[in-house]
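Colleague: Single-letter residue listing:
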Amino acid sequence: MNSTIHLIGINHRTAAVEVREKFALTNFCSPETWAIPTGGDIGESLILSTCNRVEVLVVGDGDKPRLRALEYWARARGRSVEELEPYLYQYRNDEAIRHLFNVASSLDSLVLGEPQILGQLKAAYRKATQSHSAGTIINRLLHKAFSVAKRVRSETGVASSAVSISYAAVELAKQIFDDMGSHNALIIGAGEMAELAALHLRQAGVRRIRVANRTFARAEELAHRLGGEAVPFDQLFSHLVDTDIVISSTGAPDAIIHETDMKDVMKKRKHRPMFLIDIAMPRDIAPSVNTLDNVYLYDIDDLKEVVEEHIAERRKEAVRARAIVDEETLAFHQWMESLTLQPTIVALVERGESIMREELAKTLHRLGPVDDNTREALEIMASSLVRRFNHEPISFMKDRFHEAANPEYTMQAVDTVRRVFKLK
Amino acid sequence: MDWTDIFSYLSLALYAPATVAALAGVLGRSVRVKKLSCLLCTAGFAAHTLWLAAALATGAFSAVSRGFYLLPLSWFLILAGLVMARRQHMDIALHFAAPWAFFLCACALGFASTPGTMTMAGPLFVLHLAAIFVGVGVMAVAAGAGALFLWQEGAIKRKTPLEGFRKDLPALGALDKVNAMATLIGFPCYSLGVLCGFLWARISWGTFVSGDFKEWISLIILAVYALLFHQRQALGWRGRKPAILALVIFAASLFSMFVVNTVFPTQHGF
Chain Z
60 MNSTIHLIGI
70 NHRTAAVEVR
80 EKFALTNFCS
90 PETWAIPTGG
100 DIGESLILST
110 CNRVEVLVVG
120 DGDKPRLRAL
130 EYWARARGRS
140 VEELEPYLYQ
150 YRNDEAIRHL
160 FNVASSLDSL
170 VLGEPQILGQ
180 LKAAYRKATQ
190 SHSAGTIINR
200 LLHKAFSVAK
210 RVRSETGVAS
220 SAVSISYAAV
230 ELAKQIFDDM
240 GSHNALIIGA
250 GEMAELAALH
260 LRQAGVRRIR
270 VANRTFARAE
280 ELAHRLGGEA
290 VPFDQLFSHL
300 VDTDIVISST
310 GAPDAIIHET
320 DMKDVMKKRK
330 HRPMFLIDIA
340 MPRDIAPSVN
350 TLDNVYLYDI
360 DDLKEVVEEH
370 IAERRKEAVR
380 ARAIVDEETL
390 AFHQWMESLT
400 LQPTIVALVE
410 RGESIMREEL
420 AKTLHRLGPV
430 DDNTREALEI
440 MASSLVRRFN
450 HEPISFMKDR
460 FHEAANPEYT
470 MQAVDTVRRV
480 FKLK
Chain B
245 MDWTDIFSYL
255 SLALYAPATV
265 AALAGVLGRS
275 VRVKKLSCLL
285 CTAGFAAHTL
295 WLAAALATGA
305 FSAVSRGFYL
315 LPLSWFLILA
325 GLVMARRQHM
335 DIALHFAAPW
345 AFFLCACALG
355 FASTPGTMTM
365 AGPLFVLHLA
375 AIFVGVGVMA
385 VAAGAGALFL
395 WQEGAIKRKT
405 PLEGFRKDLP
415 ALGALDKVNA
425 MATLIGFPCY
435 SLGVLCGFLW
445 ARISWGTFVS
455 GDFKEWISLI
465 ILAVYALLFH
475 QRQALGWRGR
485 KPAILALVIF
495 AASLFSMFVV
505 NTVFPTQHGF
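Sequence order for the protein chains is Z and B.
Following this note's numbering, the numbering of the first sequence begins with 60 at its first residue and continues without gaps.
Following this note's numbering, the numbering of the second sequence begins with 245 at its first residue and continues without gaps.
Be a bit skeptical, because a hint or two may be false.
[What the hints assert, rightly or not] Which chain B residues stay away from chain Z? Per the calculated CB distances, all over 12 angstroms, these:
hint : residue
1    : A374
2    : L416
3    : L419
4    : L428
5    : V504
6    : N505
[Unchecked claim] Derived EDC-like pairs: lysine to aspartate or glutamate, alpha-carbon spacing no greater than 20 angstroms straight-line:
hint : chain 1 : residue 1 : chain 2 : residue 2
7    : Z       : K209      : Z       : E386
8    : B       : K421      : Z       : D238
9    : B       : K403      : Z       : D361
10   : B       : K403      : Z       : D352
11   : B       : K403      : Z       : D301
12   : Z       : K322      : Z       : D301
13   : B       : K401      : Z       : D352
Bear in mind the hints are in silico, worked out from the structure with no lab data behind them.
The beta-carbon is built from N, C-alpha and C at its ideal position, and this holds for glycine as well.
Just chain B, with the same shape it has in the complex (with noise of 0.2 angstroms):
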């Protein structure tokens, strides 16, 4: 058992127990065991980082795999919700993300004996998935956010007195707050992504363009998130209407993810 097999089952055990606290400390109200939850969380992610870092320096991801593709993508998701619970002091962020990351990590942890079939070839490459997962972790968190007040403000909008945990939920304003932040770091993130992945198909296949059903999805997110921010930036959108963006935007891309890349032919397809 080498670090990276050692970090990889740390942090595992460590979002299965967080993951837990969350849904529990939610549903049962217990202020205890939502911190908890976010302590776990957060020691994961430590782990995580290090299971990353690991994996990179033993060379165990030279090539992109499944495996290496969930990896960082859990990681950058973590990230997204420790910066909201954090910046808009919304633990729930954070709630939303653990079974997320023990679900991507538990794949990726699955996925990593899959024979890689793309070599990580220079830093275009590597800034081209960053920037794309930065975009996609932030919009999973935004979604997730975008979900809870769809929820609420349909009760509110019909008069239906939040009961239960409901009550401890962040106001709408909170929420909104969060798709929007989301929308300022992940649409650049996700443009420069796409950016770097045309520049770099170019250089490597020598095409900007290749037909490849990822190109046109990717294009499709690339629109919808477009639209997200220019509404909002320019006419003010706010509330329903972006939380529905948002959950497009996230559908799309587990869409893109785990639907195109498995069942569509693509060079993505790893």
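Extracted from the complex, chain Z is given alone in its bound form (with noise of 0.2 angstroms):
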């Protein structure tokens, strides 16, 4: 392998945050205030700076590139070597494809599985297009690494379940209704757990949100947010009937609503199913509501545990989604090995076509004038001829690559090539 990828970087496991942002390559990465410059040592470059890591990698001859980049990106800081160097991690050619496909597969996050490291990955591919840096080999390696994210996410379910305790909530509400789009949510109290979860069901495609607070001022600031309506407190049964979920965080001291409530609000609303969510902390729904038919309650800790259960979830899968990681990192492991092959491929066929083109020239020159028709003939001809020729050896030199162990036999069958065929 002639070129080398490394990847240094520190992430949320390695730097505390203070460090983080000291190091943190944010606007490092237009054109013109570009922190790790490609030409001389280093063949191509690409920065990934998100809150929870600073990631560089580069492709070069030998080590040269990786103690450049370290020197830009210290620099770039104001910092030196010295101080970065205590929270790097340093990967180089496999590891380093490992680890890239990791992060892109959202494997190395803080929360296994969420899903914005891909776009951020994809940004940062996008401003190292922009600026010239990616070559050959970050183009292939970032496609692949969206590749491989894409396959874990549909391969695995390592995103699968709702990791927040507002998300959760809303996953809830999707097992019990079947379109979202013609159920109605009730926020009680201004809670920014409550606003959270409120928000979520909103993108969950929710038709219609209302919001009762005791201070009235509050529920319709917190309804304009949502784009709702505020309803007055003490209308809040009446309200219940036609509302199907309930999202309850008011910092009353007792509970607010009752089973006996609860009964009457069923019955009115012929046992309509209802969604209580209670994030109150004293509870304001009593637990006794969720023995009622058609009413499902959920507390915070019923929340928290959903959640933990969903993270367990993901830690298993997350076993699954390393074996594809390993899998695919072998496999670009192995195109970049195809890549010592790709110089004596272009030199064979450089040759044969300038071969072709000689002979061809004199063949013309012998015939004489010729149609149209017959000059095609000849040209057709003539390249198929130099692709068959051409054709053995290369496949030789492929499948001594795809045979052997060792990549010295690779080497040995490409000399061969080169030295039988008269190859500088």
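Fit the two chains together into the complex; they arrive one by one in their own frames, and the hints show the way.
Modeller: Structure below.
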């Protein structure tokens, strides 16, 4: 392998947030302020800088690109390499490829399976292509990383279950109601988590959101942010009749919704199912409400348990995901090695074409004036002869490459072909 | 080998892989395999229709035999599954119907040579059978949806996270809609079927009721069906209770078809 891939970086595991912000390269990716310019030792480069990680990917001969990248990175942030080194992880070739695939598949993220990292990696790649710092290897590597991430998401459950409380509540609502667009939600209280859950509900397409709060002005404020409507708190129970999803997070010292209240509400709404999410502490809704038919009550601990089980499930799935990453790393490694054949194949084809052009010119000269059809037929024949002639030596090299466990055997085959065909 | 044989083998040849694909698709959570199962099931239904038409055209079922009994019953079951799959976008209804269709068709083929004991006397008799089959067919799909509802709802109530293929199953609301639709269609059809049966008995046997055990079980099923219909329409029953009643009706229908018809002394014992 002539080109070496280096990946150096810091992340949430190796460096605290104060360190990560010192070495962040967020605004250094535009062509004008490109922190790791290509040319010289560095053939290709890419920077990924997010709140949880800063990673620099460089490609070039030997170890020099890594050293230069380190110098540029430290200098760009007005620091020394010695300050940066204690927090660094450094990978090369297969380990770098594997790490990048893990990052793209969100197997190295703080929240396992979170989807944002793929978008951030795509943005980083876009900046690298705009800055012309992505070449053959980074282009191929990043495209492969995106496809590995897609494969991991579709073939494993690493990203399938909700791992935030507010999102878990919405996922549960989808298991109860078939069409979110025909259901109404009511937010009781104006807590931050209730707002977040309501936002998720809005994104899930819930038809109407109402907000009830003891302070009407706060209800109006939240309703405005959510694109909903504020309702008076004392009319809570009449609004519950046509509400399907309730998120409650008031600061009330005791329960505000009891089993008897809900019995009346359910009768009035003809037993249409209701999903109640109680994220208040102390709880707003009496736990016995869950015993009623078609009423599903989840409190903060229930949701936390759901989230924890989902996290455990993701961890289990991550083992399968890592097997996919290993498989794809091996495939990429083989592609990298196949690059060693590339110069010889190109030289062989060019030599063949040059001979073909010379011989064709001589033949046409000898024949004198010929019509276009004859000329075209001769050209096709000559080009076909060259292609068929080149086929055997190219196959010979490729076969040795695929069969040989030791790269030296591949190099011997390449050397033989170069000597036989007198390629420079 | 005549057309009836050809279409019967073709139906089974399509329902068998549809059943395997339904199981593999649901358990393996493969959208493609589930779609393949629906396709095979639809193709099987087409062959099944031709089988039924050929059997009626050749006069193979001029008398009611066990084979005749099971063939249109399974046809109505798949039809109910297809309607639910299309109307409610619930392919699971077809995945549930496929194994039943395969089983009933295989039984119909096995009993094809059983001699008939009751002649197909007139439109009232045909209407009696067709309406009963629609009532039972839709309730079979509703029972499947009901079983899934109880399973899923139990987990949600107990706060047990749904894992594996259970995550792909329809929402409780969708499963309940199947029950609502089945009740709305099934109860009037089943009532009509029972009524036609009594009228036919009056014309053919000279009495509405002959004390046959089959008549009693049919009336019990009709009573439970009526309860389900009334509670859904008038009191707005939803969820668990209708799901349980659908299972009761379907279990009683199976008992009526496979136990009463074969074990008890009855005039329906073909």
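Colleague: Does each hint hold? Answer for all of them.
Modeller: These are the hints, each one checked on the structure:
No Cβ of chain Z approaches the Cβ of A374 (chain B) within 12 angstroms, the least distance being about 31 angstroms, so the stated non-interface status holds. Separation of L416 (chain B) from chain Z is inadequate, the least Cβ-Cβ distance of about 5 angstroms not exceeding the 12 angstroms criterion. Some Cβ of chain Z comes within 12 angstroms of the Cβ of L419 (chain B); the nearest lies about 8 angstroms off, and the non-interface call is violated. Interface exclusion of L428 (chain B) from chain Z stands, the closest Cβ pair being 16 angstroms apart, more than 12 angstroms.
The beta carbon of V504 (chain B) sits about 33 angstroms from the closest Cβ of chain Z, which is more than 12 angstroms, so the claim that it is off the interface holds. Every Cβ of chain Z is farther than 12 angstroms from the Cβ of N505 (chain B); the closest lies at roughly 36 angstroms, confirming the non-interface assignment. Distance check on the hinted pair: K209 (chain Z) and E386 (chain Z) sit about 14 angstroms apart at the alpha-carbon level, within 20 angstroms; holds. Among the hinted pairs, K421 (chain B) with D238 (chain Z) is consistent with the structure: their alpha-carbon atoms are about 11 angstroms apart, no more than 20 angstroms.
Annotation: proposed proximity of K403 (chain B) to D361 (chain Z) holds, straight-line Cα distance about 7 angstroms (limit 20 angstroms). For the given pair, K403 (chain B) sits about 15 angstroms from D352 (chain Z) by alpha-carbon distance, which is consistent with the 20 angstroms threshold. The straight-line distance between the Cα atoms of K403 (chain B) and D301 (chain Z) is roughly 25 angstroms, outside the 20 angstroms bound, and the hint therefore fails. Between K322 (chain Z) and D301 (chain Z) the CA atoms are separated by roughly 14 angstroms; this keeps the pair inside 20 angstroms, and the hint holds.
With a C-alpha separation of about 10 angstroms, the suggested pairing of K401 (chain B) with D352 (chain Z) holds against the 20 angstroms cut-off.
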